[in-house]
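There are 4 protein chains.
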Amino acid sequence: MEALKIAVIGGGSTYTPELIEGFIRYYDELPVTQITLMDISTERLKIVGDLVQRMLGDLPVKLVRTTNREEAITGAHFVVTQMRIGGLAARALDEQIPMKHGVLGQETTGPGGFAKALRTVPVMLDVARDVARFAPDAWLVNFTNPAGLVVEAVMRHTNVKVMGLCNVPINMQLSVADCLNVAPERVELQYVGLNHLSWAKVLVDGRDVTREVLETQWGSSGGEVNGDYLRALGLLPNYYLRYFVHPDHVLREQLTTEETRAEYLQGVENELLEMYSDPNLKEKPALLETRGGAHYSTSAVRLIRAIAQDRREVHIVNVRNGHSIPDLPQDAVVEVSAVIGKSGAHPLANGSLPPAIRGLTQAVKAYEELTIEAAVTGDENTAKMALFTHPLVPSWDIATALWNDIKAANKAYLPQFKG
Amino acid sequence: MEALKIAVIGGGSTYTPELIEGFIRYYDELPVTQITLMDISTERLKIVGDLVQRMLGDLPVKLVRTTNREEAITGAHFVVTQMRIGGLAARALDEQIPMKHGVLGQETTGPGGFAKALRTVPVMLDVARDVARFAPDAWLVNFTNPAGLVVEAVMRHTNVKVMGLCNVPINMQLSVADCLNVAPERVELQYVGLNHLSWAKVLVDGRDVTREVLETQWGSSGGEVNGDYLRALGLLPNYYLRYFVHPDHVLREQLTTEETRAEYLQGVENELLEMYSDPNLKEKPALLETRGGAHYSTSAVRLIRAIAQDRREVHIVNVRNGHSIPDLPQDAVVEVSAVIGKSGAHPLANGSLPPAIRGLTQAVKAYEELTIEAAVTGDENTAKMALFTHPLVPSWDIATALWNDIKAANKAYLPQFKG
Amino acid sequence: MEALKIAVIGGGSTYTPELIEGFIRYYDELPVTQITLMDISTERLKIVGDLVQRMLGDLPVKLVRTTNREEAITGAHFVVTQMRIGGLAARALDEQIPMKHGVLGQETTGPGGFAKALRTVPVMLDVARDVARFAPDAWLVNFTNPAGLVVEAVMRHTNVKVMGLCNVPINMQLSVADCLNVAPERVELQYVGLNHLSWAKVLVDGRDVTREVLETQWGSSGGEVNGDYLRALGLLPNYYLRYFVHPDHVLREQLTTEETRAEYLQGVENELLEMYSDPNLKEKPALLETRGGAHYSTSAVRLIRAIAQDRREVHIVNVRNGHSIPDLPQDAVVEVSAVIGKSGAHPLANGSLPPAIRGLTQAVKAYEELTIEAAVTGDENTAKMALFTHPLVPSWDIATALWNDIKAANKAYLPQFKG
Amino acid sequence: MEALKIAVIGGGSTYTPELIEGFIRYYDELPVTQITLMDISTERLKIVGDLVQRMLGDLPVKLVRTTNREEAITGAHFVVTQMRIGGLAARALDEQIPMKHGVLGQETTGPGGFAKALRTVPVMLDVARDVARFAPDAWLVNFTNPAGLVVEAVMRHTNVKVMGLCNVPINMQLSVADCLNVAPERVELQYVGLNHLSWAKVLVDGRDVTREVLETQWGSSGGEVNGDYLRALGLLPNYYLRYFVHPDHVLREQLTTEETRAEYLQGVENELLEMYSDPNLKEKPALLETRGGAHYSTSAVRLIRAIAQDRREVHIVNVRNGHSIPDLPQDAVVEVSAVIGKSGAHPLANGSLPPAIRGLTQAVKAYEELTIEAAVTGDENTAKMALFTHPLVPSWDIATALWNDIKAANKAYLPQFKG
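Chains as they are written, first to last, in my numbering: chain A, 1 to 419; chain B, 1 to 419; chain C, 1 to 419; chain D, 1 to 419.
This is chain A alone, in the form it adopts within the complex:
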């Protein structure tokens, strides 16, 4: 049996049991030989690691825990990144600060995602450089949000082999299959866009059934996006599109809700850690699903399997654009269908986007490009310009005010901005 070592950076996350559950479920097809959980918190490594050990039971999988990144990465075939710089406390600020300025607060979209990107990109580049040094043949599989932007930063600034993964595509496929009452394998998504800003045509047995899906309950609620809009559009949306289609609703909801999502999740997290500490717990608790990571493990393990076994099958991933979507720069990272094997991700040639989605996608990509530049250079003008170019930021004055608050609140995590 061939060795297959997985390093999980941010392995102390409460998500980890979800990922492990996937490796266990697919063990027969993909026998992992070692899993290394790396985290900066020894306490987390203890609690989460103990649960993982109990979950693994008798499987011949070696479990290693470490706070040393070099140790974790050395010898790994896959380095999985699922970090959250600043933890849920920083996320809470990402959600609260924009609201002060009349802009919706969200983890990955808008000014919240911008702040998260500035905190995350430098750490991800450090991880990527460690991969280049200690495991140059390994694949970096990134789950850290904003997943597409982070992958683009790694691609622009290192030579590491990297792809990004999100669970939105698999959830879209499964929910559509459920809604149409067909097997998921029969559902083909012709999927284009960016991470958390994507659209799909749906085909079943090669026939375009997008309009039919939009007429079902999926169209009215599944995407949380206005049905009239969707029918005018004729495409299935990533549900993050609601932040662009209904920022007014979302902001109103947020302003009238007692706790932010981060605060709510803080409670869930505490509850999860308590559960995990129970020495009788030997599987992923159902509560974990509410954190939003549904089917992550399926998607992740299948992707790793496709690479490890050189399957050359189609997955939807975050990958360098090239000419896949000719309306976007070649160096942009996009979320599209790609053929996945040992030689990497080869995106399909998708052709141009229709105008109803083209301008928005291009505008957000320009924002991402500037945000990466700001995160890497620490240039404040670039940071303000990045915020201003985001479609949810309505004016330069608000961009400036947001920047001042974000900089102050994230001081500990933004050493690149010395000004």
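One or more hints might be untrue.
When chains are identical, the list treats them as one kind, so a pair holds in a single copy or across two.
Said to hold, decoys possible - Derived SDA-like pairs (lysine to any residue); straight-line CA-CA distance at most 25 Å:
1) Lys342 / Glu313
2) Lys407 / Pro122
3) Lys407 / Arg231
4) Lys407 / Ala294
5) Lys342 / Ala401
6) Lys411 / Pro326
7) Lys342 / His315
8) Lys201 / Thr382
9) Lys62 / Phe134
10) Lys407 / Gly227
Just so you know, the hints here were simulated from the structure itself, not pulled from any lab data.
These numbers were taken from a predicted model, which means no experiment stands behind them.
Given the coordinates of chain A, work out where chains B, C and D should sit on it, guided by the hints.
Just chains B, C and D, lined up with the frame of chain A:
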């Protein structure tokens, strides 16, 4: 002397004396032999035409007035379009309706420009088809706003020879020259974008002086755009950019001003018509400048001269993109430098836009493309989608509400929307 | 069991038993319910059809023979085209005429392929139009040479669902696997170019082993292309590349050989038909392999299976370029890896070609584009220009002389050229 | 009066009086203050420099002669390069060697041009690096052949401001004007391609008269290209196109001519130098025209004037492609219309080439790209591949044989090939 006939569609406009003044000023270099003013209002033709006749004085220029478009166009070498469908009354609604929904009201930018486009495109296509029938070799020179969108509609739906002209480029050149105290000819604008959404680098004697200009009074006030933003950007803006950079300021101004710009201009227009009726007036009155058409005639007459005399010199015009700006569709109309001669407008190859202006330009172009489609097809979903894709429209609900009000208010001018 | 009907246009070909053998071999996985052989020769239908019937034995596959194309196509799910307009007699002329002018004679490359294209395109367009009328949902799978050019003609002039298939890719994969002593599935070809003008990198388990393959016996003989050239190039060639790399050797061979390939194949064909007539023969005879169709049936049946069963797996096919190879026009047909399912062929985004193969590929594609135009319009200037632009035609005078001879010799098959 | 210093690298060339004659003719409009002739031959500097001094007469132009490149370049506003590495002796070999292998021998096209490029590129890069050090604001104006390839090498490997100039465009314009009996200014060339591989549409007063020109004596002889071919093409050719259209004729001519062009020119050159030595000669002798540099000085001086005076007028130059011809790489150098001023050359956006010229242009550009790579790296495989990709080289064997002979014959000038 060769015949040179100019037909002015919308010749009863109070702008007409500005245009005529240009033909008179350049008469020695470009001896026009006939000017035909065509308008739907006989009253306007009388007042404006009489003034024009007095302005022309002894020049051997034949002046014709007509309400018959075929008569006006037949035999023309240049057909100049300066129409305002619905007049200033419709413009007042374009400015007022958006404000009701918390969106700034403006003649050419945002929902106001959208409504104007829907009214204007069908009429412009009728004019273009008349040019194709009655003067197929003539050049259609369009001043009608939204000037770029209207030219794109004509190019997508007819084979007429057309270019669009705006006075923003010449004003930028003259004001920068003034500010730097150099002769205007020494100022080179490296100018890219769309009509009313454009940017320039400034060179004097081949040296980039953009940053120096931004540090002058031009940078602080000339463009009416925030100086910090401009310094972060490093480019000179079209002053219409203020609607995108400071929509909040503009809306506040508009909400606290007693009359809209259209209402103000209605007053100016009445005053102008009264002046024009004075049989002693023999020149363009100074008051006309306040309508915003400064240097229009210079720009227009020089452009016509460049075509008529095959000068192959550089002008900034609205022209089919091709690969001039590779970030935009080939069939898009863009406002860029082009070599102008008898064979038409040949745009320069500009290369890609920097991300700080790329996304916004692409988003507005996608909006323009959908607006043309809506104007031509009369499809309501496309109309709503066009509004939604405009960067100043913050949500689908507001797009829908705007559409309902615009449709109701413009009923008389939107026969294509039968639903 | 679902119905699956295959119509074979040119079903009287001596190749047909090869194709049928594939359907039989894959019957368990792809149970075909009906095969219709259509041909213009009743004699061929009798001989070949009788053998096919004996080969099918007890399999529940209905065999139909007809000279009526409408009957064959109606109800078909796949229409397979394997015609040879003018038969081997015309091929013999394609091989002989160029030699008279010092140019190598070959069935699909150079002036011979040009003549074949002019004969074939109009008939293929007729077939395609019949598919559009009588089986609009069917897939047209073309084997007729020149396979890429013919598919491009169909795509430019009809809306039929079509892809083209060649056995070079499968043979390259199998021979490389053999040479490296690995299972064929482990061999990944990163394959780009045109039909009969293509190159590949070879990967095994994701690792680039191209240089290693070029050092084996494959590199020295498998491709029939000079080893120094291949090592300078660093890519595996389609063996048709020998006509471009060594036209001098090939011409010398041809001039010193007593019979052309067509004449040799005429002998083989007669022998085959005699064998087929033997009522005791119940399988494809080994002699058929010598005709050059090795593994055709495997490739064809797997492709049909991928479509019919919506497998979305990677095959190398002839497909519309779009932006797959950005150095070639979007409407060009290219031979590249594509994801194949019920919704068709979705090519991968390959990126630009290296200069060592870029210019030749672009030159041949320009030739193909002109040849299609000549075949469709019957314009003689375009025909001569097409010949002249072919890299193997050394001058305009020779292009002209070739055209005169080709036109005269193919008179019966080129009704579009009336001049 | 502003200083304007011109440095001429290769100033001892017998062409120099042609260039000087231009500066004298345009002196009133472009008052040059200093001309520095730099050459490696003191003898040439003496003879040519003395003549130049006599030609300048009383004009207040300082003439400097030097063998020191640093001295020549320091302080220059324009550095003009007109070198011939290896002199006419090397050119004679460029013409003779290909003929031995049945390929036409020509100074800039085919294997001859390849050898010249390998000798020239390293020296040009040295000159360009000197310009970068000693006159970083100067413009490098290159006349050295192969002019486009050499400029591309400089652009790919230095940051110097450079453009390339050829006298073919001005000769085409003047000869067409003569043929049509119109003033040259009325002739507009819509000109695309590469140096010595270009085509044009001709317009007079904006009307396309290309077909009319092709029917005149110009069409039958002016271009030295077969009239049937030109009529099929519908474009005016650069006369170097004859080497691609009629390589058979040219080779036959060359094989039956007693002396090569280089040998003939050697005689002319000796005669010229003798004339130049006559202290009574004070102007360019008529014999100089026969060397093929007709109108070079007009073209060169006008170009320098356009830059020096920031005229922003259209010239046809060799410039970085960008998206000017979208069928060619962005980093390619092309010969197209560009707006010329102090900020450099801004090419027009030309759109795609028609297939009849597209493939050939792309093939030659791929050859040029490989040749530059070979010249810079000294890699023999790249050199052979470059030769093989040239459309006039018929096979790999001939490419190899040519390479061996070129390498041996040019040993003294190809230090980069150490193998």
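Results of checking the hints against the structure:
no., hint, verdict
1, Lys342 / Glu313, "both (11 Å within a copy, 16 Å between copies)"
2, Lys407 / Pro122, "within (15 Å within a copy, 50 Å between copies)"
3, Lys407 / Arg231, "between (41 Å within a copy, 20 Å between copies)"
4, Lys407 / Ala294, "neither (33 Å within a copy, 44 Å between copies)"
5, Lys342 / Ala401, "neither (46 Å within a copy, 41 Å between copies)"
6, Lys411 / Pro326, "neither (38 Å within a copy, 39 Å between copies)"
7, Lys342 / His315, "both (13 Å within a copy, 17 Å between copies)"
8, Lys201 / Thr382, "between (36 Å within a copy, 19 Å between copies)"
9, Lys62 / Phe134, "within (20 Å within a copy, 62 Å between copies)"
10, Lys407 / Gly227, "between (38 Å within a copy, 21 Å between copies)"
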